[in-house]
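So the sequences go chain by chain: B and G. Going by our numbering, the first sequence opens with residue 1, and the numbers climb by one from there. Going by our numbering, the second sequence opens with residue 1001, and the numbers climb by one from there.
Quick caveat, the hints were computed from the structure, so don't treat them as lab data. None of these values were measured; they are calculated from a predicted model. C-beta atoms are modelled at their ideal positions from N, C-alpha and C, and glycine is treated no differently. One or more hints might be untrue.
Cut-off 25 Å, straight-line C-alpha distance, at most; resulting in silico cross-link-like pairs (SDA-like, lysine to any residue) [said to hold, decoys possible]: (1) B:K263 to G:Q1114; (2) G:K1112 to B:L148; (3) B:K152 to G:Q1114; (4) G:K1082 to B:V171; (5) B:K263 to G:T1092; (6) G:K1082 to B:N160; (7) G:K1188 to G:K1221; (8) G:K1082 to G:L1123; (9) B:K36 to G:G1137; (10) G:K1112 to B:V144; (11) B:K36 to G:T1092; (12) B:K152 to G:E1115; (13) G:K1082 to B:N170; (14) B:K152 to G:K1221; (15) B:K152 to G:I1153; (16) B:K36 to G:F1089; (17) G:K1082 to B:V144.
Restraint-style ranges between C-beta atoms, simulated for each label pair [claimed, not checked]: (18) G:M1001 to B:N215: 40 to 46 Å; (19) G:E1124 to B:L121: 53 to 59 Å; (20) B:L148 to G:D1116: 15 to 21 Å.
Chain B stretches covered by chain G per the calculated footprint, using a threshold of three residues with CB under 8 Å from any CB of chain G [said to hold, decoys possible]: (21) 153 to 160; (22) 206 to 216.
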Amino acid sequence: MISEFMAYPFIQRAFIASVMVGIICPFVGNFVVLRKMSFFSDAISHSAFAGIAVGALLGIDLSLSSIVMAVIISFIIAYLSERTSLSHDTIIGVAFSGAIASGMLIMGMMKGYRADLYSYLFGDILAISRADLFIILSVGVLTVVTMLAFLKSFLQITFNRELAQVEGINVRFFEYLLFFIIAIVVTVSLKIIGIILVTSLIIVPAAAAKNVAANMRQLFSYSSVFGVISGIVGLAGSVYLDTASGPTIVLVSIGIFIVTLLKSRTV
Amino acid sequence: MDALSVENLCVTANDRHLLENITFSIKQGMVVAIIGPNGAGKTTLVKAILGLVPYQQGSVLIFGHPIGNGDLSSKVGYVPQKLEFDRSFPLTVSELLHFTVPPAFFLPFHKKKQEDEHIHSLLEVVGAQDLKNRSIGSLSGGELQRIMIAKAIVNDPKILFLDEPASGVDIEGQERFHDLVMRLNREKGLTVILISHDLNVVYRYADDVLCLNRKLVCNGKPADMLTDEVIKSVYGEMMGGYIHSCHDHD
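Could you put together the complete structure from these sequences and hints?
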């Protein structure tokens, strides 16, 4: 049955997209998990929702408006965390609620039902175009190359911020760069998995890898392998069972997480 | 040239003076202890010197350069009081030390081999060869301190800041730790600035001592500076008798 479906170009594109996102999201997700920033990536995806609403209202490209809004909100969170005594959690909570409320308010102001806007909420991997694939590939390559180029600095900051600063790393620059990368990766993954579940694809494979990895090399390898398995098995499962692809992919990744958790408890 | 020169340093937080007009200098190759009661500003002083805490007035020069100078970072090593990190971080000792070597994206094979050998020799220096592949989160307090020393000296610094590095380590571990630091001081000419609560350690290892209680109370040789009067003014009446036991111990 799967092989029959694979004859369709839109299914082929969906599988390619799920493999690419399965590599990119967990790669960035490793830093999100190690730095305990899960709530942050959730706030970013919901900022993208506000960006989509603003884009629709102004009649501009929705991907562009969502990226711009996600980057702006991520920088505001970073700036306020740095300059105020408010806790990181509180700032993210306020940004999160503000983004959702603004998005819903703007959508409510628009006349008629906009199915394209609501598709961003749940994602539609089967509607991925060749242009979307090209965008995901470009962002993926740029993300992985940038993070590998500065991997030592990113890891030093993740291990201990103060030591990294004493060792001459420009902590502020790399933190903003990381927030920028997370914002971009979250936004390009929205079409596939949707605003509600995109954080899962960033967090869950990385968290599963952390359960069983003994070193950083294993963490990065396992998280990408788990992400790709979740993408392929989840998509195949959704085709076979006729279920929504996004939730199926996420549920497969959670299955992997549970297995790794049990394994880590028995070691 | 002075390894460290601090002039009129003032640190304020929430309208409270944490440090007032601190002035001192330290010659290269010396071991200097900073003592003082809890809340005296010892950690704040080290953090201000390292640029981790902003100061409102004064100047800090390390080997004649202000902190924040890019070239300076390779000259400075730091072991914090309490290392805060995620114990479940899947990071090995070897990886931690590799990350501390300045970044190089495309590292040629012979350079990678050199880096490996350098890290192996560092682990030998701190007596931790067998910890190379251990996870950082699984190390005991003493083991972690030795690895943090290795990390602090990985780029061959000229000055090392140690903020109560042996606290929480058993007595044997403390001895090994201090012996290691003194060996690095002798063999590499490393300037060491050590925060300690242990006056025995100060007497035994330090060339000079700085007594701090928000202000600089004394600065000089431990035997000359740590008088009953100074100890009482720094720590209060309760500590007055302690000084005699330290002298007797010597």
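Checked hints:
1. B:K263 to G:Q1114: 37 Å, violated
2. G:K1112 to B:L148: Holds: G:K1112 and B:L148 sit about 16 Å apart, inside 25 Å.
3. B:K152 to G:Q1114: OK: B:K152 and G:Q1114 at ~17 Å, within 25 Å.
4. G:K1082 to B:V171: 20 Å, holds
5. B:K263 to G:T1092: Holds, at roughly 20 Å.
6. G:K1082 to B:N160: Distance ~11 Å between G:K1082 and B:N160 Cα, so the pair holds.
7. G:K1188 to G:K1221: 22 Å, holds
8. G:K1082 to G:L1123: Cα-Cα ~21 Å, so holds.
9. B:K36 to G:G1137: Answer holds: B:K36 to G:G1137 is near 17 Å, not above 25 Å.
10. G:K1112 to B:V144: 21 Å, holds
11. B:K36 to G:T1092: 20 Å, holds
12. B:K152 to G:E1115: Holds, because 14 Å separates the two Cα atoms, which is no more than 25 Å.
13. G:K1082 to B:N170: 22 Å, holds
14. B:K152 to G:K1221: Roughly 41 Å separates the two Cα atoms, so the pair is violated.
15. B:K152 to G:I1153: 17 Å, holds
16. B:K36 to G:F1089: 11 Å, holds
17. G:K1082 to B:V144: 33 Å, violated
18. G:M1001 to B:N215: 40 to 46 Å: 42 Å Cβ-Cβ, so the 40 to 46 Å window holds.
19. G:E1124 to B:L121: 53 to 59 Å: 58 Å, holds
20. B:L148 to G:D1116: 15 to 21 Å: For G:D1116 against B:L148, whose Cβ atoms are near 19 Å apart, the range 15 to 21 Å holds.
21. 153 to 160: With 6 residues close enough to chain G, the hint holds.
22. 206 to 216: holds (count 5)
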